[in-house]
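There are 4 protein chains.
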Amino acid sequence: MPTDPIRYVTKVDLTKPGDQQPQVHNRWHPDVPFSETIKPGETVKIECLDWTGNQIKNNDTADDILNVDLTRIHYLSGPFNIEGAEPGDALVVEIKDVQPLERQPWGYCGIFHKKNGGGFLDKFYPEAAKAIFDLEGIHATSRHIPHVKFTGLIHPGIMGTAPSAEVLKEWNSREAGLIKEIQHNHDTAVANTPLETNAHAGRADSELAAKIAKEGARTIPGRPENGGNCDIKNLSRGSKCYFPVYVPGAKFSVGDLHFSQGDGEISFCGAIEMPGVITIQTRIIKGGIEKLSLKSPIFIPGDVQNHYGPSRYLTFEGFSVDEEGKQQFLCATTAYRQACIRAIEYLRKFGYNDYQIYLLLSSAPVEGHVAGIVDVPNACTTIGIPMDIFDFDIGPEGGLIKQDMRNCALIEGAKHKLIYEYK
Amino acid sequence: MPTDPIRYVTKVDLTKPGDQQPQVHNRWHPDVPFSETIKPGETVKIECLDWTGNQIKNNDTADDILNVDLTRIHYLSGPFNIEGAEPGDALVVEIKDVQPLERQPWGYCGIFHKKNGGGFLDKFYPEAAKAIFDLEGIHATSRHIPHVKFTGLIHPGIMGTAPSAEVLKEWNSREAGLIKEIQHNHDTAVANTPLETNAHAGRADSELAAKIAKEGARTIPGRPENGGNCDIKNLSRGSKCYFPVYVPGAKFSVGDLHFSQGDGEISFCGAIEMPGVITIQTRIIKGGIEKLSLKSPIFIPGDVQNHYGPSRYLTFEGFSVDEEGKQQFLCATTAYRQACIRAIEYLRKFGYNDYQIYLLLSSAPVEGHVAGIVDVPNACTTIGIPMDIFDFDIGPEGGLIKQDMRNCALIEGAKHKLIYEYK
Amino acid sequence: MPTDPIRYVTKVDLTKPGDQQPQVHNRWHPDVPFSETIKPGETVKIECLDWTGNQIKNNDTADDILNVDLTRIHYLSGPFNIEGAEPGDALVVEIKDVQPLERQPWGYCGIFHKKNGGGFLDKFYPEAAKAIFDLEGIHATSRHIPHVKFTGLIHPGIMGTAPSAEVLKEWNSREAGLIKEIQHNHDTAVANTPLETNAHAGRADSELAAKIAKEGARTIPGRPENGGNCDIKNLSRGSKCYFPVYVPGAKFSVGDLHFSQGDGEISFCGAIEMPGVITIQTRIIKGGIEKLSLKSPIFIPGDVQNHYGPSRYLTFEGFSVDEEGKQQFLCATTAYRQACIRAIEYLRKFGYNDYQIYLLLSSAPVEGHVAGIVDVPNACTTIGIPMDIFDFDIGPEGGLIKQDMRNCALIEGAKHKLIYEYK
Amino acid sequence: MPTDPIRYVTKVDLTKPGDQQPQVHNRWHPDVPFSETIKPGETVKIECLDWTGNQIKNNDTADDILNVDLTRIHYLSGPFNIEGAEPGDALVVEIKDVQPLERQPWGYCGIFHKKNGGGFLDKFYPEAAKAIFDLEGIHATSRHIPHVKFTGLIHPGIMGTAPSAEVLKEWNSREAGLIKEIQHNHDTAVANTPLETNAHAGRADSELAAKIAKEGARTIPGRPENGGNCDIKNLSRGSKCYFPVYVPGAKFSVGDLHFSQGDGEISFCGAIEMPGVITIQTRIIKGGIEKLSLKSPIFIPGDVQNHYGPSRYLTFEGFSVDEEGKQQFLCATTAYRQACIRAIEYLRKFGYNDYQIYLLLSSAPVEGHVAGIVDVPNACTTIGIPMDIFDFDIGPEGGLIKQDMRNCALIEGAKHKLIYEYK
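Protein chains in written order, with the numbering used here: chain F, 1 to 423; chain Z, 1 to 423; chain U, 1 to 423; chain L, 1 to 423.
Don't read these hints as lab results, they were simulated from the structure. Just so we're clear, the structure is a prediction, and the values are computed from it rather than from any experiment. Among the hints, erroneous ones may be present.
[What the hints assert, rightly or not] In silico DSS-like links for lysine-lysine, alpha-carbon gap of 30 Å or less:
(1) F:K114 / F:K149
(2) U:K349 / U:K180
(3) Z:K16 / Z:K114
(4) U:K123 / U:K16
(5) L:K349 / Z:K402
(6) F:K291 / Z:K423
(7) F:K214 / Z:K423
(8) L:K402 / F:K291
(9) F:K402 / U:K149
(10) L:K149 / F:K11
(11) F:K423 / Z:K214
(12) L:K214 / U:K423
(13) L:K402 / Z:K149
(14) Z:K295 / F:K349
(15) L:K291 / L:K214
(16) L:K214 / L:K240
(17) U:K349 / U:K402
(18) F:K415 / Z:K214
(19) U:K214 / L:K423
(20) L:K240 / F:K149
(21) F:K180 / F:K114
(22) F:K286 / Z:K214
(23) L:K180 / L:K295
[What the hints assert, rightly or not] Just a sample of chain Z residues kept apart from chain F, beta carbon distances all over 12 Å, derived:
(24) E42
(25) D60
(26) R203
(27) G227
(28) Q261
(29) E265
(30) V321
(31) G384
Where is the CB? At the ideal position from N, CA and C, for every residue including glycine.
With the hints as constraints, model all of the structure from the sequences given.
Shown next as structure tokens:
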């Protein structure tokens with residue numbers, strides 16, 4: 001009657017690029033071959049690469065962030081054959097644990113260069129930057145953002161079932177439509193259609209791999225049909241998530257593990273990104289799509305979270321008047337950007353520069369809420385920063401004392417404007 | 001050494017229209033005369049009308065909602081002269097309590113007709129509807145939405161300092177600009193410029209009242225400069241809010257009390273609206289605008305909230321693919337609308353119709369989060385519904401049992417389509 | 001269809017002694033006449049006197065505490081006839097709200113003189129003392145314990161159903177037994193048998209009143225059979241409490257309202273005592289005693305509490321080695337006393353004297369836990385103090401700065417030893 | 001600049017008895033040799049045996065519990081030389097993580113036989129019993145207590161600094177005094193004086209080992225001077241604990257890891273006992289004993305806990321009237337025992353037997369509070385059971401449905417009375 005150690009269905013190698021590891025893949029496609037089989041009810045461990053497949057290093061320069069190859073992302077473990085899952089079912093995934101790998105107790109948060117990835121505030125902070133976080137048990141600290149320590153609400157940035165051929169076609173057409181419609185007005189990519197370069201189709205043979213590379217959807221966006229890169233920080237340990245199943249065996253994939261993330265993941269590479277191991281148990285609800293009206297995943301979070309008390313959040317309001325003073329119409333995106341900018345202007349007072357704060361808002365457990373979304377023309381959102389993650393008082397009545405906060409990792413020779421003067 | 005009862009600086013009359021009550025006003029303008037003076041450090045009670053000034057009745061028809069006169073809103077108590085406050089200061093308002101009036105232990109949540117007010121989902125639910133809530137201590141229940149009981153996270157929908165003449169001018173020009181730019185593409189108002197009809201300037205004499213009516217900003221939107229109608233449900237009891245001061249005495253106003261509200265206040269008249277009494281204490285931080293970089297209000301919530309535990313939220317994901325299947329670009333507003341629609345489709349299973357659910361999502365303490373806002377082209381948001389507010393199990397594995405849920409208040413003879421068939 | 005204001009079933013007079021008010025009583029007895037009738041399902045308001053019946057004043061001396069007449073306590077509102085309740089049923093009481101009276105926005109916490117009431121630490125702090133708290137909305141502050149502000153977890157200290165004649169007899173015999181057995185070893189009362197002096201039997205005529213005075217159980221202890229003076233701080237708003245019913249109509253009584261209390265209520269008059277109003281709704285479970293095995297009340301707390309986050313409690317450990325250094329055997333009472341003493345020694349560093357801290361631990365929302373109760377010979381308990389109730393940092397690494405903390409109310413001319421030197 | 005994996009300062013062998021492993025010890029004594037040196041500020045990992053040193057097996061009989069050798073307990077890792085710590089200092093230990101060992105993903109909870117260990121309720125449940133828990137990530141489940149799953153509030157049962165010779169002498173004399181005074185009235189040990197049998201002095205040579213065996217204090221009780229076996233479930237991840245230092249290098253030891261425990265750890269072997277690994281970081285406060293008045297350890301819990309919401313606890317009241325109906329005087333121990341008994345009587349309704357419930361109350365995250373401790377003659381305590389750990393509704397109004405709950409592990413042929421009929 002011994003209880004065996006929990007079975008690993010995936011192990012990863014931190015010394016080799018992701019595309020040399022057949023147990024991972026980086027495109028969504030119904031034909032990516034199964035990586036392993038999991039029985040419903042079985043609890044398994046799945047190691048995951050960091051989303052870039054070992055491209056980022058633990059050092060004090062952001063050169064690797066500047067030069068990151070985004071054609072390669074995201075490396076996902078799987079897809080897994082969940083025994084008995086059929087199209088029309090719901091796949092229940094219960095997250096039992098997520099942990100960094102003992103052999104790599106650090107993660108990173110990056111700000112991509114505006115020309116290579118960008119982020120929510122790339123208009124103001126176009127240069128590349130990086131913060132390395134040391135991960136010790138439940139705590140993250142960074143030499144690049146001093147005087148901060150926080151507990152990770154650890155989670156996978158990406159989980160999803162494979163699309164059917166029909167769903168995939170819909171994705172590709174929908175996103176191509178957007179590009180056609182608005183790309184000419186933007187100087188960064190508004191969406192990404194299938195890209196053969198560096199597509200990785202897991203265990204597929206070359207013919208199939210070519211097909212998948214040609215048709216496979218990029219993993220960058222989350223999508224309503226299967227979740228994917230939803231970046232929901234609350235999808236942490238203990239969560240039960242319900243996914244629609246579109247193909248036999250469900251072809252569930254997971255990756256992009258985050259030690260911690262703020263709501264919005266604003267710097268894009270914005271969580272504390274890390275390789276790690278996720279422990280899950282699965283279950284199938286026959287006919288679950290119809291039973292649950294499951295057009296998009298739903299979930300119930302777990303009962304363990306970092307837990308600061310409502311009165312420990314310093315909260316900034318943001319409205320849909322943009323940084324040029326222009327009125328936008330009920331735009332929650334603009335409103336959230338404004339809330340972030342208000343937080344940056346405030347936190348500067350303590351000695352951090354804007355890049356450091358941008359990294360911090362991306363990676364720390366900040367709460368981003370929709371507040372009012374009907375009071376024309378202004379949407380209102382809030383961003384709440386847990387005051388207890390700082391080892392000094394950031395409260396408005398705490399003295400507002402400036403300290404030497406060093407700097408995050410930057411590009412050698414780059415001319416970062418470390419403080420942006422908002423109007 | 002007796003401790004006297006707390007001083008009321010405003011009382012209201014629930015039997016007379018708002019515009020017959022000089023202690024309230026319904027436009028933002030620097031010249032609205034002071035209603036009363038409050039010393040910093042003094043705790044005072046302020047009664048407030050419901051936002052419509054007694055237009056809505058406790059009955060089973062939505063006719064009053066259909067015919068509500070929106071030129072009259074919102075009736076705010078004040079403005080108050082906070083002794084010693086000067087432009088450039090920050091005004092700290094600590095909310096000690098918010099309560100319904102003992103003499104009117106009920107409130108309402110309304111869905112405005114698309115042609116008269118509208119709301120977040122008016123495209124699908126264009127008709128007027130209403131739910132009356134009985135308020136008993138901390139609990140709200142409604143005969144129009146059976147099997148639900150919840151605790152109010154009670155708060156004022158509107159608090160703000162008066163704009164200076166310059167700020168007011170900026171508002172009017174900014175919003176007029178939007179109207180000019182996009183109104184022709186919308187069939188409901190995208191913004192509201194000053195409107196003389198039914199403007200109420202408090203204690204102003206007729207000449208001043210005419211000026212205020214002509215120039216005064218509408219109270220509908222929250223605005224970055226002074227907060228106003230921000231509809232932040234967490235600005236509840238115990239909160240300390242920091243406002244910029246633009247005029248001598250600050251001219252602080254407050255109103256639009258909500259017994260409870262969901263993030264987004266999606267039906268516009270979407271909280272449990274009520275007359276009530278708010279107890280506040282004020283404080284001035286000299287030069288606080290500069291000290292705190294205070295372009296918009298900031299706040300620290302209180303330590304008392306309804307408190308359900310993270311694992312008690314059933315959470316729906318929404319992405320920025322709209323209800324026509326069209327891809328929108330990183331639009332959190334669309335994404336939040338999608339999350340709401342997913343919740344509606346799900347909750348229908350228990351016997352509620354869409355109008356009832358729309359009212360419920362507006363008024364119950366649901367949590368709306370920005371999740372991911374950088375994964376082009378999809379923004380992802382979540383809406384979390386506390387399962388403990390239902391007296392039956394709404395969980396995906398709780399049996400999904402349909403009950404007779406009666407109906408909300410509707411318009412006699414109107415042809416509401418009570419269930420909208422989303423694609 | 002108007003919703004009427006909630007019906008008051010009891011009002012009290014704050015200007016007259018409790019025994020001149022027939023709607024209250026101060027003994028437990030099956031024959032105390034009904035004060036009012038309440039229908040199951042009806043929500044009602046019940047005003048309550050403070051437990052002493054207006055004996056304590058808002059001033060800066062503890063003379064009233066020293067001379068308090070404890071033969072008169074506790075004045076309870078009721079007993080109420082819950083229509084249809086019969087012996088063997090369970091009575092469900094849902095607390096909808098508890099509030100101080102608008103006409104008396106203050107309460108008190110007292111330390112009784114060792115010879116008149118005493119308390120948990122009377123061996124070390126034998127003198128009388130008092131702190132007056134101003135109650136403003138959710139907040140309590142005291143001029144007698146500066147630099148502290150907290151949110152009340154407001155609750156009734158006493159709720160209970162009337163005992164049957166048999167249960168009453170059991171109580172009286174059980175407690176008389178204890179007196180006989182151990183009183184000779186104690187210099188304060190170990191229990192109180194029925195006492196005719198100042199017994200108040202509500203609306204009873206003089207003959208019945210005499211019987212009740214002679215037989216009625218004192219209200220000082222909580223008792224397993226009916227709850228009574230259980231002083232459970234978590235029996236706050238939203239709680240549903242299940243009581244055994246022993247007599248027709250249940251004869252439910254309530255009183256001893258507390259604005260706030262620490263676990264243990266250590267100074268005996270140790271909560272923030274106040275007159276106030278409680279709003280309840282009742283329900284009957286037929287045959288509930290057997291159905292629920294209801295030998296003692298059970299309850300489910302409400303979902304609204306002050307809520308500080310686990311990492312905001314400074315926690316002291318106490319073991320069952322007493323203040324003389326003597327080993328006691330698994331005595332959680334000794335262990336909790338030790339934890340309290342450790343907290344007193346620590347909080348002194350900030351300038352408070354022991355009487356002030358004793359009052360604070362009694363009245364603030366401190367958490368007292370049983371930790372280990374099996375590791376012979378030491379029981380271990382903890383007392384957790386929410387750090388956020390102080391306006392300075394009480395943490396071990398926060399500088400430990402001493403301030404002028406003034407004093408609590410004392411007895412003129414008394415020689416309080418304000419700091420006790422523990423070994 | 002690579003971040004190395006965290007250093008292990010102790011590894012343990014799960015296949016050998018504890019006394020064959022020199023990196024652990026099982027007595028408190030100032031002369032136990034250092035096991036390893038830790039620098040302040042360094043984060044280290046420490047593996048720990050389960051408290052019995054591998055005596056208990058994963059099977060379906062309680063024979064190993066019946067025959068457990070309690071002369072061997074508790075095996076602690078250490079003592080560690082915290083570089084620079086001197087008598088008079090405070091040692092700060094921050095718990096970064098506690099985890100089960102990947103190679104043994106299970107733990108156990110035992111009820112000791114009354115004649116060999118006993119427990120809080122051994123009068124009623126004298127036989128041995130056991131439950132094995134499978135540990136999967138954050139979750140524990142047991143085939144011996146079906147329909148329950150909970151999240152561990154994982155912690156070390158024992159942490160402490162070594163006593164000085166003087167402190168040790170005080171312990172031995174104090175506990176011998178108790179034995180002399182009251183042992184004759186008890187049929188189980190009231191305390192344990194030093195015992196040479198199976199004493200394990202770590203790396204001590206035979207002469208020193210003999211001295212330690214003769215003088216060393218048993219590890220069973222927690223003690224005020226150094227904490228030790230305090231069994232505080234909230235001393236979990238993220239906690240910062242402050243210990244007095246009595247000997248050079250502090251000689252900090254740790255062990256008795258618990259995956260989860262209820263307040264009281266009532267069955268003595270009552271947590272989910274397991275081998276595991278704890279990650280800590282230390283710091284020294286020079287002169288900290290005086291600075292912090294540190295007679296007993298103090299701590300600040302971490303910000304991560306299982307978190308159920310106050311309204312999800314079914315709470316039982318217990319008063320100090322014992323199970324014979326005899327009145328005890330303000331005895332919180334009796335009161336807590338009564339609360340436990342009330343919970344047992346209630347939970348039986350669902351099909352569990354008393355031994356199963358006894359195990360469950362010991363090991364699940366139940367909350368035991370001191371409620372009132374001054375209302376002569378009754379102390380009142382509460383035990384709160386999180387309803388969300390059951391996969392069915394245990395609420396009083398949830399139908400009270402009985403199921404087949406199988407059984408816990410028992411002794412072959414033993415005549416357990418599985419239900420005790422309380423009066």
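To see whether the hints hold, each was checked on the structure:
For a cut-off of 30 Å, the pair hint linking F:K114 to F:K149 stands: about 28 Å separates their Cα positions. With a C-alpha separation of about 43 Å, the suggested pair U:K349 and U:K180 falls outside the 30 Å cut-off, and the hint is violated. Between the alpha carbons of Z:K16 and Z:K114 the distance comes to roughly 28 Å, so the proposed pair stays at or under 30 Å and holds. The hinted pair formed by U:K123 and U:K16 fails the criterion: a straight-line CA distance of about 34 Å is larger than 30 Å.
For the hint pairing L:K349 with Z:K402, the CA-to-CA distance comes to about 29 Å; that is within 30 Å, so the pair holds. The suggested pairing of F:K291 with Z:K423 holds, with an alpha-carbon distance near 16 Å, which does not exceed 30 Å. With a C-alpha separation of about 29 Å, the suggested pair F:K214 and Z:K423 falls inside the 30 Å cut-off, and the hint holds. For the suggested pair L:K402 and F:K291, the alpha carbons sit about 28 Å apart, so the restraint of at most 30 Å is met.
Between F:K402 and U:K149 the CA atoms are separated by roughly 28 Å; this keeps the pair inside 30 Å, and the hint holds. Distance restraint check for L:K149 and F:K11: the Cα-Cα separation of roughly 28 Å lies within the 30 Å cut-off, and the hinted pair is therefore satisfied. The straight-line distance between the Cα atoms of F:K423 and Z:K214 is roughly 29 Å, inside the 30 Å bound, and the hint therefore holds. Restraint check for L:K214 and U:K423: the C-alpha separation of about 29 Å stays at or below 30 Å, so the hint holds.
Pair hint L:K402 plus Z:K149 holds up; C-alpha atoms about 28 Å apart against a cutoff of 30 Å. Restraint check for Z:K295 and F:K349: satisfied, since their Cα atoms lie roughly 14 Å apart, inside the 30 Å limit. Our distance criterion of 30 Å between C-alpha atoms is broken by L:K291 and L:K214, whose separation comes to about 35 Å. As the CA atoms of L:K214 and L:K240 are separated by approximately 33 Å, the hinted pair breaks the 30 Å bound.
A C-alpha spacing of about 6 Å is found between U:K349 and U:K402, which places the hinted pair at or below 30 Å, so the restraint holds. Taken as a hint, the F:K415 and Z:K214 pair is broken in the structure, with Cα atoms around 50 Å apart against an allowance of 30 Å. In summary, the hint linking U:K214 to L:K423 is supported, as the alpha carbons are separated by about 29 Å, within the 30 Å threshold. For the proposed pair L:K240 and F:K149, the alpha carbon gap of about 14 Å is at most 30 Å, so the pair holds.
At most 30 Å may separate the alpha-carbon atoms for a hinted pair to count; F:K180 and F:K114 meet this at roughly 21 Å. For the proposed pair F:K286 and Z:K214, the alpha carbon gap of about 63 Å is over 30 Å, so the pair is violated. Straight-line distance between C-alpha atoms of L:K180 and L:K295 comes to about 26 Å, which keeps the hinted pair within the 30 Å bound. Look at Z:E42: its CB is around 19 Å from the nearest CB on chain F, clear of 12 Å, so calling it non-interface holds up.
Separation of Z:D60 from chain F is adequate, the least Cβ-Cβ distance of about 25 Å exceeding the 12 Å criterion. Consistency note on Z:R203: stated as away from chain F, and its beta-carbon is indeed over 12 Å from all of that chain's, at 26 Å minimum. Not every CB of chain F is more than 12 Å from the CB of Z:G227 (nearest about 7 Å), against its label as outside the interface. A beta-carbon of chain F comes within 12 Å of the beta-carbon of Z:Q261; the shortest separation is about 9 Å.
Not every CB of chain F lies more than 12 Å from the CB of Z:E265, the least distance being 5 Å, so the non-interface label is violated. Its closest Cβ contact with chain F, about 5 Å, brings Z:V321 to no more than 12 Å, contrary to its assignment away from the interface. Not every Cβ of chain F is farther than 12 Å from the Cβ of Z:G384; the closest lies at roughly 8 Å, contradicting the non-interface assignment.
Of the numbered hints given earlier, the model fails hints 2, 4, 15, 16, 18, 22, 27, 28, 29, 30 and 31; all others are met.
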